[in-house]
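Based on the provided sequences and hints, a complete structural model is requested.
For reference, the chains in residue letters:
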Amino acid sequence: MLKMNPLLAVSIATAISLAAGNAQARTEIQNKGSDTLVNVAQAFAEEYAKVNPEVAIAVSGGGSGTGIAAMINGTVDIANSSRKMKDKEIKQAQERGHNPIEHIVGYDALAIYVNKANPANSMTIADLAKIYGRDGGATKWQDLGIQVPGCDSGEIVVVSRQNNSGTYAYFQEHVLGEKGKFRLGTLDMHGSKDVVDLVEKTPCAIGYSGLAYATDHVKTVCMAMEPGKPCVMPSEDAALDGSYPIARPLFMYTNGEPQGEIKKYMDWIMSDAGQCLVAKEGYAPVRKIACK
Amino acid sequence: MADTRGALGMPTAGVGDFDRRDLDWYIDKAIGALVFVCGFSAIIFVLGIFLFVTKEGIGFIFERLDFREFFLTPYWFPSDPDAPEYGILALIAGTASVTGLAMLVAIPFSLGAAIYIAEFATGKTREALKVLVELLAAIPSVVWGFIGLVIMNPLIIAVFNVPVGLNVLNAGIILGLMAAPIMTSIAEDALKAVPDRYREAAEAMGATRWQVIFKVVLPAAKTGLLGGVLLGVGRGFGETMAVLMSTGHAVNIPGSVFDSVRALTATIAAELGEAAVGEEHYQVLFTIGIFLFLITFIINLTADLIVRGIRKG
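From first to last, the protein sequence lines are chains A and B. Going letter by letter, the first sequence gives residues 1 to 292 in this note's numbering. Going letter by letter, the second sequence gives residues 1 to 313 in this note's numbering.
Think of the hints as simulated: they come from the structure by calculation, not from any bench. Please note: incorrect hints may appear among the correct ones.
[To be verified] In silico lysine to any residue, SDA-like type, Cα no more than 20 Å apart, as pairs: (1) A:Lys84 x B:Ile147; (2) A:Lys86 x B:Asn300; (3) A:Lys193 x B:Ile147.
[Unchecked claim] Calculated from the model, a selection of chain A residues having no Cβ within reach of chain B, i.e. all distances over 12 Å: (4) Ala70; (5) Ser122; (6) Val159; (7) Asp194; (8) Glu261; (9) Ile262; (10) Arg287.
Glycine is no exception: its CB is placed at the ideal position from the N, C-alpha and C atoms.
Printed below as a string of structure tokens:
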């Protein structure tokens, strides 16, 4: 992480605005973080540019950890995260004079993806813990009573995310439990889309990612909290009403209570116009709204 | 850095000079100083980088590092909220297995290519081959990684009927092909350095072409060839992007070439951007950096000494 010298930043900004000559002064908002949220954030930025062309919003992904690290280091105005900031992280930020304020901008169902050839229709959280957990007990599909055509060895190819992903942290906490640890040998992908792509090409694979990354070439699994309970397919509605067992809030963190242009932007995100974009990108808005 | 110049003996205007101090004199001095700075900049940069990496990682080494955990456990889970685990054994095993396989691929390839270019090819074929080998070295590593991800992955699944094609085999082949050009160039230099009188003497004794190469030229060039191999190993240890994309990036001690692994370099690349500056996770990545730096430094130094050895003798 490069931390820019404030003096240098100011002089560059001055140079740019001088070079721009008589162009109107534009405010730039730096927005960074969660891979799960990056498409929504991008859609927000594009749409907001039409509402308020004065403000330019620079969006980049890289994972919740990236956004939170940037918030701690003070290099970002709004950090996107698919997990809550840890107390330790909030304290670190405060020690550096930054004050992260949490905003929930939508909800996401964490979908479990398997290859099209995989006959598994429903799974329980316990099944996932067996596959992903350290000494979980399931290394072959047969251990779960499943025969996957095209997966001759039967070995489960466990696809996960890199260890700073918010999705990874959420999965660890809510599937493997407070003290649960991941097993060795998971394939740690750098982006949500990479997970879905790999599962699509690999008959033996299983992976997790936001529902918005679902395609026609992979299968999402119906999830049940416990064996015997009815399973629920991941969907926006199921995420919002809480019936889907692994749904999570999506956060944006601002440095201090939002002010000025950042406040206007956050207010717009929470308005019907912003929330309809959340729905359009495949996530659940924070409240029931009618979008066209 | 500026204050080190004087200490390094940068030329300064002497008191007792009898030269005319016209414009040319100053230009001469300025150019001299510039060339001097450029010459020493390599040393300054290497030292600077080493100091920076050490500075960032040293905190972890003193405060948190448990040598036994670090080098002897395979569990690399540095972002765990309660009990982060910092074992790099699996990462070392990943890097070593991929590099080892890469050498198995690259050594026969590059040695064969070098023998052909140095001993058999003539005229235009020779020039064309040399240019092509250099061109191969110019392919960016991310392109190699892409080939591993998009072409080799399904190919390995189809050919060997294994569950996943992002594994030691995939990365080893990719890395072998990446290391082959530099190894070919150095091996060719080493073969060319063998005096022609050796070959002529052998041929005069009635040796066949093959016997000349196998019994005379190769033994005479063996230190140079070894140096080339070591440089290839150094390349393998340091390569990042292609390995990140083709190994599967799984913390795992491989039991066969079909297991996914993760390399030391790839771990730094994937995680550094996301670690908060100064935090334990950030520092431990720099500690891995120090470790890598030391290994590649030792490999390159050994290679250099070996290559230098033959140039002199």
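Each hint, compared with the structure:
| no. | hint | result |
| --- | --- | --- |
| 1 | A:Lys84 x B:Ile147 | violated, 37 Å |
| 2 | A:Lys86 x B:Asn300 | violated, 43 Å |
| 3 | A:Lys193 x B:Ile147 | holds, 18 Å |
| 4 | Ala70 | violated, 9 Å |
| 5 | Ser122 | holds, 23 Å |
| 6 | Val159 | violated, 9 Å |
| 7 | Asp194 | violated, 9 Å |
| 8 | Glu261 | holds, 26 Å |
| 9 | Ile262 | holds, 22 Å |
| 10 | Arg287 | holds, 30 Å |
Comparing the model with each earlier hint shows violations of hints 1, 2, 4, 6, 7; every other hint is respected.
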